[in-house]
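S.K.: Please build the complete structure, drawing on both the sequences and the hints.
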Amino acid sequence: MKKRLIKLTLLIFFICLAVTSFAQQQRFPKPEFETGYVQPPTQQPLPRALFLEYLDVIVLIGALILVSWFLLKKRSRQGVLWTSVFSLLYFGFYREGCICAIGSIQNVALAIFDPTYTLPLTALLFFLIPLITALFAGRTFCAGVCPLGAIQDLVAFKPIELPRWLQKVLGLIPYVYLSLAVLYAATRSEFLICRYDPFVGFFRFDGTFQMLLLGGLFLLVGVFVARPYCRFFCPYGVLLGWMSSFSKKHVTITPSTCIQCKLCSNSCPFGAIEEPLLEEGKRRSNVNRLMTYLILIPIWMGIGGLSGSMLHGTLAKFNKTVYLAEMLVQNPDIRFNQENIDARTFMQKGKTMDELVVDAQKIKSQFYWGGWIAGAFMGLVVGLVLVNLSSYRRRNDYEPDRTNCLSCGRCVDYCPVK
Amino acid sequence: MKKDKQQNSRTSRREFIQKSMRLSMGIGLAAVGGLVAFRVHADDTVWQLDPFKCVACGRCADYCVMTPSAVKCVHAFDLCGYCDLCGGYLKPNANARSTAAENQLCPTSAIRRKFVEEPYFEYEIEEKLCIGCGICVEGCTAFGNGSLHLQVRHNVCVNCNECSIARVCPADAFQRVPTSQPYLIKGEWTKDQDKKKQSPTG
Amino acid sequence: MMTINDKKHLARGLAWFGAIFSLVVSVMLIANYFQLKSVDPLESPALKVLVEQLHENPHDDVLKENIRALDLMIRKAYFTSQWQIRTGTWMLILGVLVLILSIRWQKSLRNELDELESIDKNPFLDKQLARKGVIYTALGIFMLALLSGFLSGNILDQYDSTKGQDQEADSAVEIIVAKPVEQNSETIADSSKSVSMQEKTSDEIVEVPINEELDKKEEIESKSEEVKKIKSEPTVPSREQIRKNYPFFRGPDGDGMSYKTGVPKSFDGPNVKNVLWKASVPKHGYNSPIIWNDRLFLTGADSEARMVYCFDKNSGKLLWESAADNIPGSPAKMPKVTEDTGLAASTMATDGQAVFAIFATGDLIALDFEGKRLWAKNLGVPDNHYGHSSSLVIYKNKLLIQYDTNKGGKLIALSTADGSQKWETTRNVKISWASPVLVNTGTRDEIILTADPLVAGYDPETGKELWTVECMMGEVGPSVAYANGLVYAANEYATMAAIRLGGSPEIIWEEQEYLPEVASPLAANGLLIVATSYGVLACYDAETGDKYWEHEAASGFYASPVYADSNAYAIDMSGKMYVIRMAKEFELVAESNLGEKAFGTPVFSEGKLYLRGVENLYCIGGN
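Read top to bottom, the protein sequences are chains S, W and V. Oh and the first sequence: position 92 is 109 in this note's numbering, straight run, nothing missing. Oh and the second sequence: position 118 is 324 in this note's numbering, straight run, nothing missing. Oh and the third sequence: position 108 is 116 in this note's numbering, straight run, nothing missing.
Simulated from the structure, these hints should not be mistaken for laboratory data. Each residue gets a CB set at the ideal place from its N, CA and C atoms; glycine is no exception. Watch out, some of these pointers could steer you wrong.
[What the hints assert, rightly or not] Mimicking DSS-like on lysine-lysine, the simulated pairs with C-alpha atoms at most 25 Å apart in a straight line are: (1) S:K379 <-> W:K259; (2) V:K15 <-> S:K175; (3) V:K415 <-> W:K259; (4) S:K368 <-> S:K379; (5) W:K297 <-> V:K72; (6) W:K225 <-> S:K47.
[To be verified] Reference excerpt, derived from the structure (chain V facing chain S, CB under 7 Å, subset only): (7) L109; (8) I111; (9) L124; (10) G141; (11) T145; (12) G148.
[To be verified] Partner residues aside, some chain V positions facing chain W, computed with beta carbon under 7 Å: (13) L62; (14) P66; (15) K72; (16) L133; (17) Y501.
M.R.: Shown next as structure tokens:
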């Protein structure tokens, strides 16, 4: 009885709402036609069906299993190559680059920090499944599933080897990119990774000039520096690298025992093969150096956090609200400039300047604390990279560097041991 | 012999570290999954714009990743007054109320004006030609019922993870809506308040 | 059968072909992109110019044909270039595909594995170098971040909410020249004269200008006592004085009633028939003249300056001009206004001692009759997408300003003496362009305003809202008309409503056939006349709303019709003036041509008619 009463009142409430909003709109009432005119329907073409979105997830799982099988069991570069061509066609040209695991980082970050955001299950799956796979089989996602990787892999015709130090320095960029992407997603500012996705324009045959130019440049550089985006920009690669370095299984250069033939030493276009290291150097100085860099980690984190927090003002400028607020505070006259769409709309909406400034300050303080965290993270990364660079671990054989190895399987073909 | 043993202990220690790190990575992933689990929705989302927030600034035409834009003008016939003097179709101070090019507001001539009966005219959008500039929307909202309004058309939209128009929309009119209710068409939407309650974030 | 070498040749040839083809296509695509960028086909300035020309010559069929042809061409170019881009993209993809495949083929033909060029490796030195590189890079980046933090201050800290950068700006009253009128001897002379003159009969006034100089001196001496009186308290002109003059927009009450008889009916501008004088106005403005005694005032503005002009109404001589500049709060950059509104759309007002002018910048200025500034202030730049156009009106010692902007509506009363605020009433309305109308209902004085959605009456003494009727919609331009206890409010795309005042005002009839867009309705003789912007004059019964007649004019009306000597005077945009008997039967008394476009309402004074064209000011006499 009570329930029905509530329903009834709700119904009346809704009818009233509908009537009032309707009445406000209708300046000229709809005429009553005498000629039997039939009003055409307003077309509503439907978006892609939901089950197809789940089909993408199934294709993702299938492709990952296939690539892992090709690498770990069949040891077949050809298989990986053709799977990557399929992935390029499916996730790239058919799905037009969206949804992608790289971008899903931001969805997850936004879901953690924004309580009003609902995370589609497909986005979460696209985030988790490649990572879980990497935990068991290495970066097989990079090898044959990621369309961004595949398109670069296809054009890597004349790769050159970069000096080690350059690789390490450039290898810091993905960490910066990752922390910025999470920071901007968490503050609800924007999705940085998607905005600067270099290849999505190709996948759609459409895009802004800058986007296509960026993609073209990446491909051009990619002819000589193999897969530059994957190695020196991809933020998802950072996460995959973490997983891969502790993975249960990983592609190996040789199926049984390494015969030290050195045939594979110049095979990896990504510089991800570690050569044997038989001498470890002077133990004492090694330990001392390692200890120094370990102690230095908190200091790096402190410096990083401080500089991150100092940078927050600059970073926050890219937020829409902060940008508007700062513009209007600096030049109050812009408020009356009808040419400026943002200012005009702000004035129309009737939000007061005080409210805008308060909102902007809130976002800035988010950026301040986010800057501390992101900076400290960068400091930690620098510290750990240095620790890693000062430890000398004895190694007898040619082995893939698990963190940076993209599991493409090229080296497998070079090994004479069958 | 001794060296071998040393080697073995070293390997087993390394393996132990590997294992425990793998475990903690797994736990980390599970934690992230668990953290967002209660915000997960089985339904997907698509982008749509709230026509009541829209100020017809014209950015939809310029900022969409698709050319022409996936945002198009749609016509809620229920709200239309079928006016002869249509603020969305005719230029202000139009020379005559006719379909001649000099009188049309639409830069691509995407609105078709059809005579219904004295003195009423029907206005229909030809979506192939529409570029989503919103000039007609501005006119219709200012002088008429506001039956012409912009909507993301999902047969064109590629559903970017973050809509590039949403990033620049001055009125914050763009929002993610559930795939099952992908439109916020004015007439139906206003009448069906039930939907309106749910729509913004699902 | 092809030999290996043939195949290699073929593969190389294909690769070169693919590369060159892709290069050519991408160069073409980039060229196409920049071509599109440089001439946005949908914003063609040429088309805009043509449409603009069509506004001026609405019947030019050749022009229409040209527009149609150009429009078609532009749209064709736009869609063709899009097709080109799509096709070009496909060709590029094809070229790149050929390139990639042929290079792969070439490689497979070589039948050997790729080897990178090896570089020297030394694990110890490499790592040492890498450590250095990482440290220097990290330190460099962190330093840059710190530096940027030091360099960029927090801009938001500059914001001071108490300073009132927001709407509160207008509360900061600043008076530049607070000199009272009486301290200026010239003004004393003038105002004393004017006051004294009011006491004479109108016949005598006509003679005054001839002996102006003499009279002035005599009067200064003889009326010194009166001067003292003025000094002690600012006099408020009597109702008779006001009615004899023409102090506001649309006459002494602002409702279109001129209270003048024996005024000219016809003239011929181009052939100078009945034109007593003609004077060019330096700066343009859509406002109408006001007249007090011998002086005629109007304003003109452009982005350079906002000016008040004073003419001798008898000779047409420009007596003085005064700029509304150096006003605190006045915007450095002009607010955006449309061409058909401009920066000086509001008509001035006078109380016989000072003249007041407002501009679309929100600048309000008070001048004495010699052009000396008494006070000035900025009311806060009105947020108005066409330009502020509500005219001023004065009630006793209060200057009343209707200030309905996109940020909300208000009615402001300022002291005529020093510009200080007497009261301010917030109005729950949207933006409007109408002007206030003073009405005496028989029991009280009211000031009546119209805007979307309210027609409302206010007590001019206190600003108290007396009544409201919700009936208006849209961008209200026309002010109300009033006669016999009935208020008439109208707006195009909305309605025309007759509201009977009384205990609770109510709408007694509504009509939608002919609605004005800019020109205000005129009520007199039991009739109501509206002038539409598409050129129809229509006459209704004031009590019932029955239509008596309609008349199509040569052009649309922006100028409000005015009543004088039992006739309605209406001038259309092309400058044709119609004098129509205010009667149930249509009777065109006279039709005259000014010879230039006109937007200001006709103004009457002492048997003469004053008209403002877009460039010149005319004084019409005779008949």
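S.K.: Of the hints given before, which are not true for this structure?
M.R.: 6, 7, 12, 16
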